[in-house]
Amino acid sequence: MTGAHSGRTGRLRLSFIIPLAGFLLLAGFATMALMATLRGERDMSQLPSAMVGKPAPAIMLPSLLDEGRTVSAGDFAGRAFLVNVFASWCAPCRAEAPALALLAEEIAIMGIAYKDRPGDSRRFLTDYGDPFATIGIDRDGDAGMKWGVYGVPETFLVDANGTILLRHAGPIDRRVLDEVLWPAIRKLP
Amino acid sequence: MITELGHFALILAFVTSLCVAILPLVGLRTGLASLSALAAPATLLMAGAVSFAFMALVAAFVTSDFSVALVAAHSHSTKPMIYKISGTWGNHEGSLLLWILILVLFGGLLALRGREMNFGLKVRTLAVQAMVTAGFLAFCLFTSNPFARLDEAPLDGRGLNPILQDPGLALHPPTLYVGYVGLSLAFAFAVAGLIEGRIDRAWARHVRPWISAAWCALTAGIALGSWWAYYELGWGGWWFWDPVENASLMPWLAATALLHSTIVVEQRDRLKSWTVLLAILAFSLSLVGTFIVRSGLLTSVHSFASDPARGVFILGILLAAIGVPLLLFAIRGPQLSSRNDHVLISRESGLILNNFLLTAATVVVLVGTFYPLALEMVNGARITVGPPYFDATFNPIMAVLVLAMALGPLTAWRRGTLPSLRLSLGLAAAGAVLAIGVGMALANGISAAGLAGLGLLGWLALAITGDILHRLKPWRGGIGTRAAVLPMPVWGMWTAHAGMVVFLVGALGNGLFQTEVIVRALPGDSVDVAGKTMTLRAVEARQGPNYVTETAIIELRDGTDLMAFMTPEKRFYNAERQTTTEAAIRPRIGGDDYAVLGDGDATSGYTLRLYRKPFVSWIWAGAGLMAVGGAMAALGRRQRRPAPLADSLRTAT
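Chains as they are written, first to last, in the numbering used here: chain A, 55 to 243; chain B, 34 to 686.
I should point out that these hints are in silico values taken from the structure, not numbers from a laboratory. For glycine and all other residues, C-beta sits at the position ideal for the given N, C-alpha and C. Check the hints yourself; a few may be wrong.
Unchecked claim - With beta-carbon atoms standing in for the labels, derived distance ranges:
id, chain 1, residue 1, chain 2, residue 2, range
1, B, Gly638, A, Gly122, 23 to 33 Å
2, B, Val396, A, Glu159, 20 to 30 Å
3, A, Thr85, B, Arg234, 34 to 44 Å
4, B, Leu38, A, Glu159, 24 to 34 Å
5, A, Arg65, B, Leu65, 58 to 68 Å
Unchecked claim - Derived contacts from chain A toward chain B, CB cut-off under 7 Å, selection only:
id, residue
6, Leu79
7, Arg133
8, Phe135
9, Pro152
10, Tyr182
11, Gly205
12, Thr217
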């Protein structure tokens with residue numbers, strides 16, 4: 055070997071260790087997640103939410119399909135209903151469209167078109183079906199903020215008194231339908 | 034038989050890669066020249082063996098040998114030949130083997146070339162490349178053997194996902210992989226430089242063509258993928274901020290930064306430790322992109338759960354391939370530090386700004402891609418942050434980048450002065466004003482962001498023009514000589530930057546001026562789309578090679594002139610029991626007419642989605658120009674300018 059680095063013993067410097075430290079942090083997280091999956095410890099159940107048990111936010115939104123009208127959670131006074139936050143740019147929302155269609159036969163669903171262009175939302179309904187009783191346009195995500203939404207899709211169950219009973223983040227698949235939503239809907243008075 | 038030979042060749046390649054990874058380094062340390070001289074020929078042997086293995090797998094697919102488990106699971110005897118071949122890499126094992134093939138071919142190219150390279154650097158680079166190869170060959174052989182046989186061969190295969198039966202699939206993954214894997218050489222150069230403890234201008238000169246080549250392939254690969262999504266998915270969009278797309282965008286952004294920082298190392302011997310770090314990160318992002326995010330190799334995070342061995346193995350490879358170089362960087366990096374003596378207005382500053390913005394953009398995409406994945410890891414919720422997040426974060430960064438991109442090439446190394454930029458700056462400002470004016474005249478109620486985008490387009494276009502005029506000075510004599518002595522990479526830069534302008538024309542034209550109409554139409558109904566009339570004539574059933582269709586026949590008229598018949602289809606694949614949508618697209622330079630057939634029947638009508646998409650094909654043309662620019666930079670380096678030309682310049686001035 056040539057004397058390229060002989061005699062030059064570089065001191066460690068913090069800024070050169072940061073990339074390694076950052077990577078190890080991420081890698082540690084990934085390893086833990088993987089190990090937990092392998093041991094079967096990771097429970098994929100719904101999120102605890104600060105919103106559960108609180109009254110549904112009474113924000114007024116412009117209606118997507120009836121121009122000039124507004125929709126809000128108050129429209130369902132005295133009835134239990136679901137709230138589904140969706141967007142045309144959200145791939146998992148396409149996946150849950152059949153589940154929403156099934157749910158719509160039993161319970162009214164209010165849609166919130168989250169951070170989406172109205173034209174795109176309408177196209178989404180054309181392509182994947184419209185299970186909603188009413189749909190509000192939430193262009194800037196204000197309603198999403200009030201509902202504590204941190205991504206789409208998300209679904210909430212609200213009872214006849216307007217109290218949020220349950221929240222599910224992520225698409226509704228067969229398992230969520232059978233183990234989470236149907237049992238909760240059946241328990242309603 | 035040939036399948037078993039393929040398997041054997043893969044084992045041979047694995048053993049060879051272990052030898053190349055260890056012996057030449059031992060040779061360099063102990064002075065045993067015969068050991069270090071082994072690196073190049075053994076790398077070529079490895080390349081040959083993997084090529085043979087790959088051909089053996091292709092042969093199994095071509096002959097529909099359903100006793101091979103992979104062929105039985107992913108092919109079908111009725112499939113057209115081209116899709117039998119491309120089906121080889123339309124699955125986890127096959128795409129992994131393709132990935133390894135490209136890895137060893139890049140190693141082989143370096144073994145053949147690079148004669149003028151410092152021997153130690155070349156041998157160490159080949160050794161690092163072989164370490165990566167060994168890791169992935171082990172992964173392939175021990176967890177994802179493509180040559181596994183079935184005890185009882187089924188009568189026919191289970192087919193291939195119909196959406197993947199497309200010419201796009203034949204081209205897109207291989208091109209993208211060349212880009213991903215090409216970055217492995219930059220990575221190997223960086224690690225070899227760290228082992229040697231020396232990164233200098235010669236290092237940068239040798240690594241630059243490889244980075245340009247990888248960047249060129251990555252650009253072309255991403256463009257092909259976007260084009261494929263545009264015409265195959267039938268959604269009318271060209272970029273969806275999907276994890277798969279982001280997985281390719283992140284290494285692209287990092288590689289773009291690397292491409293520019295290497296120039297600083299070569300020209301000014303500065304920014305060395307940063308460049309090494311970028312080289313490591315760019316390839317790391319490629320690895321993460323290919324293996325963690327679903328893109329053919331691992332279909333989703335759930336593949337970890339479904340096959341624990343694969344998950345643990347790939348995590349181990351990633352830990353070693355990213356962690357060890359970063360450890361080496363932490364120890365050796367400080368030796369590479371260089372003085373920071375550049376002034377504010379200089380080419381160096383511009384390139385540092387470029388790197389800062391591109392890194393910020395990479396981080397933004399990384400967060401947007403992995404926040405949902407991390408959340409899924411934590412609580413299983415599959416949510417997405419989507420375009421609103423990226424519009425709010427990525428686009429502003431890119432806007433500043435375009436603003437700076439116009440100025441960077443105008444400034445001189447070491448120190449630049451604003452007056453010397455007067456011509457180009459004036460032109461650029463005029464361009465911005467002009468573009469904004471045209472935008473306001475053409476469209477009422479155009480958004481401020483849209484106007485800003487148009488302004489940037491004009492700004493960049495005329496700044497590049499100004500730079501070209503400034504350097505070639507066509508109003509003076511001797512333009513031919515000046516053009517001839519300009520290095521090829523400068524032409525490459527202009528081409529790539531002009532590609533950005535063309536890309537912006539497409540992205541803005543489509544984004545700001547698109548017309549979209551959704552109707553429910555019965556045969557005979559006419560719809561007006563951006564001044565043209567589309568009339569649904571009929572919907573009929575047709576028979577394809579392995580599918581049946583529902584095909585709409587739509588007449589496109591401009592006034593009374595019949596321009597074209599458009600035939601969007603829905604295809605039903607019998608073997609796979611799946612449906613795909615084929616959009617009908619009439620691409621023209623001024624814009625595309627785009628029609629999609631939705632659900633419906635003859636009594637209640639058919640849903641049609643009809644678009645006019647101005648300048649949309651400029652998006653891919655721009656990306657193509659960028660790729661050409663990258664290729665010019667990669668190839669132009671090789672030929673040194675002959676001395677007489679330099680003399681003629683001296684006499685001319």
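Of all the hints given earlier, name the ones this structure violates by number, lowest first.
2, 4, 5, 6, 7, 8, 9, 10 and 12
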